[in-house]
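Now for the letters of each chain:
Number of protein chains: 2
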Amino acid sequence: MPQGDRPIGIFDSGIGGLTVAQEVTRLLPDEQIIYFGDTARVPYGTKSKESVIRFSRDNVHVLLKYNVKVVVIACNTSTSWALNILRKEFKIPIIGVIEPGARRAIEVSKKKRIGVIATPSTIKSDKYAQTILKMAPGMKVVSRACPLFVPLVEEGWLDHQVTESVAREYLTPLKAEDIDTLILGCTHYPLLKTVLQKVMGKGVMLVDSGTETARSVRKLLEDHALLRSSTRPPRHEFLVSDEPEHFRVVAKRFLGHDLPHVRRVDHV
Amino acid sequence: MPQGDRPIGIFDSGIGGLTVAQEVTRLLPDEQIIYFGDTARVPYGTKSKESVIRFSRDNVHVLLKYNVKVVVIACNTSTSWALNILRKEFKIPIIGVIEPGARRAIEVSKKKRIGVIATPSTIKSDKYAQTILKMAPGMKVVSRACPLFVPLVEEGWLDHQVTESVAREYLTPLKAEDIDTLILGCTHYPLLKTVLQKVMGKGVMLVDSGTETARSVRKLLEDHALLRSSTRPPRHEFLVSDEPEHFRVVAKRFLGHDLPHVRRVDHV
Chain W
1 MPQGDRPIGI
11 FDSGIGGLTV
21 AQEVTRLLPD
31 EQIIYFGDTA
41 RVPYGTKSKE
51 SVIRFSRDNV
61 HVLLKYNVKV
71 VVIACNTSTS
81 WALNILRKEF
91 KIPIIGVIEP
101 GARRAIEVSK
111 KKRIGVIATP
121 STIKSDKYAQ
131 TILKMAPGMK
141 VVSRACPLFV
151 PLVEEGWLDH
161 QVTESVAREY
171 LTPLKAEDID
181 TLILGCTHYP
191 LLKTVLQKVM
201 GKGVMLVDSG
211 TETARSVRKL
221 LEDHALLRSS
231 TRPPRHEFLV
241 SDEPEHFRVV
251 AKRFLGHDLP
261 HVRRVDHV
Chain R
1 MPQGDRPIGI
11 FDSGIGGLTV
21 AQEVTRLLPD
31 EQIIYFGDTA
41 RVPYGTKSKE
51 SVIRFSRDNV
61 HVLLKYNVKV
71 VVIACNTSTS
81 WALNILRKEF
91 KIPIIGVIEP
101 GARRAIEVSK
111 KKRIGVIATP
121 STIKSDKYAQ
131 TILKMAPGMK
141 VVSRACPLFV
151 PLVEEGWLDH
161 QVTESVAREY
171 LTPLKAEDID
181 TLILGCTHYP
191 LLKTVLQKVM
201 GKGVMLVDSG
211 TETARSVRKL
221 LEDHALLRSS
231 TRPPRHEFLV
241 SDEPEHFRVV
251 AKRFLGHDLP
261 HVRRVDHV
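So the protein lines, in turn, are chains W and R.
The opening position of the first sequence corresponds to residue 1 in our numbering, with each subsequent residue numbered one higher.
The opening position of the second sequence corresponds to residue 1 in our numbering, with each subsequent residue numbered one higher.
Simulated from the structure, these hints should not be mistaken for laboratory data.
Just so we're clear, the structure is a prediction, and the values are computed from it rather than from any experiment.
In this text, a Cβ means the ideal position worked out from N, Cα and C, and glycines have one as well.
Certain hints may be false.
To be verified - Distance windows between CB atoms, simulated:
| id | chain 1 | residue 1 | chain 2 | residue 2 | range |
| --- | --- | --- | --- | --- | --- |
| 1 | R | H267 | W | E89 | 45 to 51 Å |
| 2 | R | I85 | W | V249 | 24 to 30 Å |
| 3 | R | R57 | W | G138 | 50 to 56 Å |
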């Protein structure tokens, strides 16, 4: 099999990374995807650096068993703490979601004032601010942890009055900072776009790293001559560490359609 | 060392079980406690039967290393799925939180109409309804999963307008069933008592299994002649599978005071 005909590996703490997987399949429809969601240990966003690194390393090992050609970390918390460490530990190319999102935000912000919302663990890592300021030292970055957004998305209250109240509480300090760009620094948050846009107002651009990350994946595959050449339609696979049932239900909400192939696999 | 001078082992998916541990120390102030919170894999309430059983078994093994004399499962989801299985697998006496809570609810309900609120996984197990109907076949039991309550407690929004709105949404169907007793079927929920009582009204008695479970523990220790005889003040220990930092912060909210001894341990 040509090297490029191996699948793209994507992992996330659970289900949120499907928003990234969707963008990858949209931009690279001929590529085959192996997705792993660590649903037995989800969420990562409230857990420590040490645990997130350990879990992320385990997830790369799971994907390597499927002979993937590249690993995409479709989880902001995992990217925050583990990307640099995993890049040193593994030979396979690894792409995270933070650099692409940061780059895009820098491009679109006219006022040079960027907001970042994410899980407590991602915010604690300060990785978005560091990445933005390294690329564009003149930027002002304001960050806010939003721990209730993930449970609200998982509950399916995407357009609920309660979600809007929570968003107002979390986002008011960001609005006061006069930002014109808001990075959705968690792969669950694109599902809240309608409410977030309403609360932030039309003048604020929402940046979702999924699309940008998919572009980075394409560029990497092109640069390494790893694009898939097979003309057979790709057969994506979805693996989870907990039983697949709950994943299937919430995945349908994320993707708008059923996932045919979901099965449980063990770490180790 | 006399058999009774060994510690009481208590485990939970994370922090909620501290409400049970507190009741145990209140009722049995001379006893020493080893508490284990599986904070690396928390929550259990959104996970499958299979994972919850596996995690619970791991937790018993952790406690056994500390030579405990009894294991208290201070987690409703874990009790729902794993109690009967663990009782068969281990020789040590094991106590869960569901039987005590069910017994108390049956005692206090005059209308014989009991509500149960808990995590999705606990509600799915149907264990409360089964236990109540086995003890008192004439009861009417109405159940409701409340997935956002745990994140709201962890966020510290105990008395927040959003929490009240969420409670109204979850509890309205239970109010319509004219229950006079509501079992708080998750060890996080006692922290929401004020809001829950407000939403349910004064006519509804809230049953928190912590106190009842502590009584069961005392009875078991008495029956097995396992009460502690040492006159040295007990030194409680708190173990967690993620780093202790976040646990310490939220534990203070649960207990109203700092926890001096918290450290990370690995499973296996």
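Task: Broken hints, by number - done: 1
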